[in-house]
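**Q** Sequence:
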Amino acid sequence: NTLLTELHNEFKTLLGEKRANNGRTFLFVSLFSLILFNNFLRLFPYVFTRTSYLTITLTLALPLINNTNHIFENLVPQGTPSPLMPFIVCIETIRNIIRPGTLAVRLTANIIAGHLLLTLLGNNGPRFAQSRLGIAIIAQILLLILESAVAVIQSYVFAVLRTLYSREVN
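By full-length UniProt numbering, the letter at position 100 of the sequence shown is numbered 100, and the numbering carries on one by one without gaps.
It should be emphasised that the hints constitute simulated quantities derived from the structure, not laboratory data.
Take these hints with a grain of salt, some might be off.
Unchecked claim - Capping the alpha-carbon separation at 20 Å, the derived lysine to any residue pairs in SDA-like fashion look like this:
(1) 12 <-> 34
(2) 12 <-> 23
(3) 12 <-> 1
Use the sequences and the hints to build the structure in full.
**A** The structure is reproduced here in structure tokens:
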């Protein structure tokens with residue numbers, strides 16, 4: 001409960017008081033909770049979580065566009081010389097298109113990498129000699145602790161970046 005309250009306050013700060021009053025912070029806290037729950041599911045054996053699929057993470061990363069005029073206003077920064085405006089518009093458009101993709105790929109790649117490490121180490125356990133089995137179990141436990149931290153960090157990073165992107169778009 002205190003974690004969700006802290007996240008709510010942080011997202012309120014990131015969005016600004018004007019935008020936070022209409023309930024957007026609860027949307028981003030819910031997004032964090034959804035991703036965190038799905039990331040923790042992958043720590044169980046034989047479970048391939050939904051955040052491992054690029055289509056799911058890309059859907060979560062796509063911006064919520066309410067005001068398209070505001071998007072066009074941000075394509076050309078103030079003070080840009082007139083001859084550079086067409087190039088700046090192209091660069092800013094590409095940046096706005098790539099952002100959700102990089103956000104989705106970051107989450108998916110980190111989740112798949114951790115899942116593969118856990119699976120590879122777990123599948124090779126029976127092949128170890130009796131003397132090395134203790135070391136393999138300790139390595140598996142340490143890797144599980146590391147992957148738990150990665151699950152929380154990736155959920156937090158995704159939600160914070162999604163909040164910042166939303167603030168810029170809307």
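**Q** Confirm or reject each hint.
**A** Evaluated hints:
Taking the CA atoms of residue 12 and residue 34, the gap is about 19 Å. The hint holds against a cut of 20 Å. For a cut-off of 20 Å, the pair hint linking residue 12 to residue 23 stands: about 9 Å separates their Cα positions. Distance check on the hinted pair: residue 12 and residue 1 sit about 16 Å apart at the alpha-carbon level, within 20 Å; holds.
In terms of the numbered hints stated before, the structure departs from none.
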